[in-house]
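Number of protein chains: 2
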Amino acid sequence: MTRQIVKVENKLFNSFFSIFHQAQLLSTFCCALILFSPTISSAQNKNQMVRLAKIKIDSAQLEKYKAALKEGIETAVRVEPGVITLFAVYDKNDPTNVTVLEVYADVAAYKAHIETPHFKKYKSITKDMVKSLELVDVDPIAFATKPKQK
Amino acid sequence: MTRQIVKVENKLFNSFFSIFHQAQLLSTFCCALILFSPTISSAQNKNQMVRLAKIKIDSAQLEKYKAALKEGIETAVRVEPGVITLFAVYDKNDPTNVTVLEVYADVAAYKAHIETPHFKKYKSITKDMVKSLELVDVDPIAFATKPKQK
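Sequence lines, in order, name chains A and B. So in our numbering the end of the first sequence lands on 523, straight run, no missing numbers. So in our numbering the end of the second sequence lands on 523, straight run, no missing numbers.
Treat the hints loosely; a few may be bogus.
The list makes no distinction among identical chains, and a pair is therefore deemed to hold if it is satisfied within one copy or across any two copies.
To be verified - Calculated cross-link-like contacts (lysine-lysine; reagent style DSSO-like; alpha-carbon spacing at most 27 Å):
(1) K496 <-> K465
(2) K419 <-> K500
(3) K419 <-> K429
(4) K465 <-> K484
(5) K439 <-> K427
(6) K429 <-> K465
Hints are computed from structural coordinates only; laboratory data are not their basis.
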């Protein structure tokens with residue numbers, strides 16, 4: 374009977390360590406991916422849609438425009454799986470010149486994006502703030518960014 | 374004796390599930406961080422230097438230029454702690470128009486960048502390929518990107 378108990382113990386310990394070890398490996402692997410991944414690289418996916426939006430803003434409404442754009446961008450990347458990157462900047466010498474770099478997983482993701490409530494809200498709020506809008510389709514050459522900003 | 378075996382089994386199963394459950398939770402947490410962490414946001418650091426470089430390339434040397442730029446960008450973000458993001462694209466309608474969005478941790482990081490061997494190599498290789506270069510200092514409005522590209 375004692376041998377039987379020992380056998381049961383061994384069997385249980387073996388499965389325990391085997392499964393625990395696998396879980397531990399997976400956990401370590403995932404953490405390593407977060408902590409040590411040196412760069413995030415896109416531009417690998419041929420289907421990606423990349424674009425520069427060049428936008429001229431009414432100077433009297435610039436602060437309101439920037440707030441609306443910021444909210445729209447952060448919501449889109451947070452809630453839409455197909456919105457990969459949105460990076461908006463304004464010229465220091467002429468803050469009414471805004472440029473947005475846009476990366477979508479594919480054209481379908483872009484089409485879905487412009488039908489979302491947050492995009493429609495952005496368009497509606499900003500329609501009288503935007504004096505002109507030029508959309509330039511581009512292709513990526515290289516995209517490298519640190520995974521965690523300093 | 375049977376009760377004893379059952380007790381041993383129960384005890385072992387309880388510790389097994391307790392520790393395995395913890396490992397599983399940790400693993401799930403790490404994976405969730407990777408998969409669902411919604412955005413990487415820079416633009417928080419007031420010291421960051423952000424710029425758009427608008428570059429016109431000799432059409433006959435475009436492919437060589439793109440290769441040199443790609444190598445320079447990937448090296449810089451990999452080896453320089455102060456080079457946060459370099460994103461280069463070319464216009465689909467006119468591939469000789471290249472735009473690079475550059476984010477450095479601060480002005481000192483940029484000054485260090487232009488003294489690196491890889492930057493000097495890029496400048497030397499491409500000096501006869503670049504027809505014009507316009508550097509536009511910008512400030513970020515919003516920067517959101519998925520941590521893992523699709």
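How the hints compare with the structure:
no.: 1; hint: K496 <-> K465; in the structure: both (24 Å within a copy, 26 Å between copies)
no.: 2; hint: K419 <-> K500; in the structure: neither (32 Å within a copy, 29 Å between copies)
no.: 3; hint: K419 <-> K429; in the structure: between (30 Å within a copy, 24 Å between copies)
no.: 4; hint: K465 <-> K484; in the structure: between (32 Å within a copy, 19 Å between copies)
no.: 5; hint: K439 <-> K427; in the structure: both (14 Å within a copy, 23 Å between copies)
no.: 6; hint: K429 <-> K465; in the structure: both (14 Å within a copy, 22 Å between copies)
Hint compliance for this structure: hint 2 is the single one not met.
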